[in-house]
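> Could you slot chain B onto chain A? The hints should help.
Below are the chains, spelled out letter by letter.
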Amino acid sequence: MATVTLQDIRKSYGPTEVIHGVSIDIADGEFVVLVGPSGCGKSTLLRMVAGLESVTSGTLRIGERVVNDLEPAERDIAMVFQNYALYPHMSVRNNLAYGLKNRGFARAEIDRRVAEAAAMLEIAPYLDRKPGQLSGGQRQRVAMGRALVREPAAFLFDEPLSNLDAKLRIQMRVEIRRLQRRVGTTSLYVTHDQIEALTLADRLVVLNGGVVEQIGTPEEVFDRPATIFVAGFIGTPPMNMVPVDWLRGKGELDAVPAAADVVGIRPDDLDLEAPPGSHLTLPATLELLEPAGAESHLYVRLDGLDQPATVRTQGRPALADGARLALHVRPEALHPFVKATGRRA
Amino acid sequence: MRATFPHRFLPYLLVAPQLAISLIFFYWPAGQALHQSVLREDPFGLKTQFVGLANFRRVLGDPAYLNSVQVTAFFSVATAFLSMAIALVLAVQAEKILRGKGFYRTLMIWPYAVAAAIAGMLWLFLFNPSFGTLAYPLRQMGIAWDPLLNGNQAMALVIGAASWKQISYNFLFFVAGLQAIPKSLIEAAAIDGAGRTRRFWTIVFPLLAPTTFFLLVVNTVYALFDTFGIIHAVTGGGPGKSTETLVYKVYNDGFVNLQLGSSAAQSVILMVIVIALTAFQFRYIERKVHYG
Chain A
1 MATVTLQDIR
11 KSYGPTEVIH
21 GVSIDIADGE
31 FVVLVGPSGC
41 GKSTLLRMVA
51 GLESVTSGTL
61 RIGERVVNDL
71 EPAERDIAMV
81 FQNYALYPHM
91 SVRNNLAYGL
101 KNRGFARAEI
111 DRRVAEAAAM
121 LEIAPYLDRK
131 PGQLSGGQRQ
141 RVAMGRALVR
151 EPAAFLFDEP
161 LSNLDAKLRI
171 QMRVEIRRLQ
181 RRVGTTSLYV
191 THDQIEALTL
201 ADRLVVLNGG
211 VVEQIGTPEE
221 VFDRPATIFV
231 AGFIGTPPMN
241 MVPVDWLRGK
251 GELDAVPAAA
261 DVVGIRPDDL
271 DLEAPPGSHL
281 TLPATLELLE
291 PAGAESHLYV
301 RLDGLDQPAT
311 VRTQGRPALA
321 DGARLALHVR
331 PEALHPFVKA
341 TGRRA
Chain B
1 MRATFPHRFL
11 PYLLVAPQLA
21 ISLIFFYWPA
31 GQALHQSVLR
41 EDPFGLKTQF
51 VGLANFRRVL
61 GDPAYLNSVQ
71 VTAFFSVATA
81 FLSMAIALVL
91 AVQAEKILRG
101 KGFYRTLMIW
111 PYAVAAAIAG
121 MLWLFLFNPS
131 FGTLAYPLRQ
141 MGIAWDPLLN
151 GNQAMALVIG
161 AASWKQISYN
171 FLFFVAGLQA
181 IPKSLIEAAA
191 IDGAGRTRRF
201 WTIVFPLLAP
211 TTFFLLVVNT
221 VYALFDTFGI
231 IHAVTGGGPG
241 KSTETLVYKV
251 YNDGFVNLQL
261 GSSAAQSVIL
271 MVIVIALTAF
281 QFRYIERKVH
291 YG
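Going line by line, the protein sequences match chains A and B.
Taking the UniProt record's numbering, the leading residue of the first sequence gets 1, the next gets one more, and so forth.
Taking the UniProt record's numbering, the leading residue of the second sequence gets 1, the next gets one more, and so forth.
The shape of chain A in the complex, shown without the other chains:
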C-alpha cells in the first residue's frame, strides 16, 4: 500500500502535447477515479502510471520512490484491462499464479494466495478452466483476482466494466468498491461513465483535453462544479446553461456575482410548482414530455432563448405538448460561471 503522486505530468507524441501538466495526490488506500470524455487523455495517464507509456516530463511517485524510468514490473502495481487481457492458453489458476511465479514466490505461498483470492471472488469452481470457457462476468473476476494475488502497492483499472452488459456492470461496480474497501489498496480507476465515477470514487478527477478540470469528492464535483465543462459533463440530464442577462427581472439575483455572465441550472432544480421563499420564475413552452419510469423529463423552450432546456420532475405531470409553463428555481441552485474563462464566478 502506498500513496501515488503525479506532479506536473506531461506527455507528448512528437511535437503534439496530449497531457498538459497534471498533478494529483492520491492518499494511501484512496479510490480515485479519472473521468472524462473519450480522447481526454485519461487512459494515457493511467498507462503512464503503469509504465506502459513513457513520461515526457514531470515526476511520478509510487510511495516514496520516483518511478518515471522504472519498468512496469518494478513499479509494484497491478492493472485490470478493459478486455481483461487474460492469458487464453492458461487455466484460471495459472492466470492468477503467473505474476507470482515470475517473481519467484514459493509454491505454497502461491497456492495460498490463489486460494484466498479465488474464495474472495467466488471463482474457486473455475480454477481449472480456461478463460474461453468463462462468461464475461467471470472473466472480469479473474482479471481482478490476478491483480489481487499480487498484493501490490496500487491497483490500476482501465475501464474494466465497459465490456459488460448494464445489469452485470452495476453488480461488478458494487463488488469492486466492496473489494477495494476490504483490502484497502490505493486505486486509480479510469472511466468515461460518470455514474460509475460518482458511485465508486472517494475523489474524482475530471479531465478534459489533457487538463484537469476539477479534483474533488463526488459531492463537491456535483454540487459545486468548478468549470462549465464539469457542469455539463457530470449529471444526467446535463445542466442547463442560461445567460445572466436573460434572468434579469425574473427574480432575485443577489447570489450571482457581478462577473458571471452565464448561469447553470440542474434539470432537478427547475420546479413546476412555486417553492416557498425567494425564487426566480422562468416562462417556457413544453416541447416534449418524456416519461422515464418514476420520473419524467420535460424538454422545454425558454421564452426568448434559442437553446432548449431540460426539466426533471418526479411523477408524470398531466401536460400536453405546447403547454405554457412557469418554471421556478431557488437562487441557491444557480451555478454562476464566466463564459470567457469557463470557470466558476
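Think of the hints as simulated: they come from the structure by calculation, not from any bench.
A hint or two may mislead.
Claimed, not checked - Below, a list of computed lysine-lysine pairs in the DSSO-like style, where the Cα atoms sit at most 30 Å apart:
# : chain 1 : residue 1 : chain 2 : residue 2
1 : A       : Lys101    : B       : Lys47
2 : A       : Lys167    : B       : Lys183
3 : A       : Lys130    : A       : Lys167
4 : A       : Lys130    : B       : Lys47
Note that the coordinates shown come from a computational prediction; the quantities given were computed from them, not determined experimentally.
Just chain B now, with coordinates in the frame of chain A:
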C-alpha cells in the same frame, strides 16, 4: 444452408475445372504409377512383364534407397526447422521496428517470388568453390570449402538454399500470427513481472502455436517435394548420393536411368508416406493445437 442453382447442371459445370485438374494431374498419374509399380518394363517399352510386389521388395531392400530415406529425413527436418526458426526470429524483430515496417516486410517477402531453379543457381554461384563470392570468405576462415566433393558441405548448401527460399513464406505467416496476439496480453505479462524472453516463451510462443503447426505441415511437405528444383540445380543429388532425396531418386531412377518399375514403386511408397504424415498432422492439429 443449401445453395440453389438456376440450372441442375450448373453446379457440375462449376466444379468441372477443379475436377479436371485433379483427374489429369493427380488421379491419372497416380493410377499410372500404381499400375507401373507392379510391372517390369524395358526402357523402350517393348516388353512388359507383371512382377507383383517384386519392385517394392527390391526397392525396400536396396541400401541406396535406405540411404535416400535418411538423407530425406535429415534434409526435411533441417530445412523445416531452419526456415521456421529464422523466419520467427525475423518476424519478432520486425514487430519491434517503428519506422519503415512496411518496407522491411516487403523486402522480406521478395525471395518467395524467385523460382526454385534460379534460387538454386544463385546459391550455387555464391558458393562455387572456384569463383563463389561467399566461398572466398569461407576459405579465408580456414574452412576447406568444396561442396562438389564434400557430401556434408553439399547437404549444408542445399539446406541453406531450400530454407532461404521458404523463409519469406513463413515470415509472412508469423507476422500475421504475431499481429493477432492482443497487445494488452504482452502488457499484462510485463506488469506481471515477465521479462522479454520469458514473455516470448510463456505468452507469445504458445499463442502462435496454431500458426507454427500450420507452417510445420506446409514446410514438411515443401521440404519433401518442392525442393526438387533446388537440389537439381545445386548438386544434382551428389556428390555420390549424399543429397539424393526420395523425390530426386524417383526422378533419377525413372527418367535418367529408365528403371520405370522401380521408380513407380518408389513414388507409390512416397505417396503412402505423405498421406500418413498429413493424416497424422491433421489429427494432431484437431486435438492439440486448440485454445480460446
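> All the hints need checking, so say for each whether the structure fits it.
Hint check results:
Restraint check for A:Lys101 and B:Lys47: not satisfied, since their Cα atoms lie roughly 74 Å apart, outside the 30 Å limit. Proposed proximity of A:Lys167 and B:Lys183 is supported: the alpha carbons are some 29 Å apart, at most 30 Å. For the hint pairing A:Lys130 with A:Lys167, the CA-to-CA distance comes to about 24 Å; that is within 30 Å, so the pair holds. For the hint linking A:Lys130 to B:Lys47, the alpha-carbon distance of about 66 Å lies beyond 30 Å, and the restraint is violated.
In summary, the structure is inconsistent with hints 1, 4 from the numbered list given earlier, while agreeing with the others.
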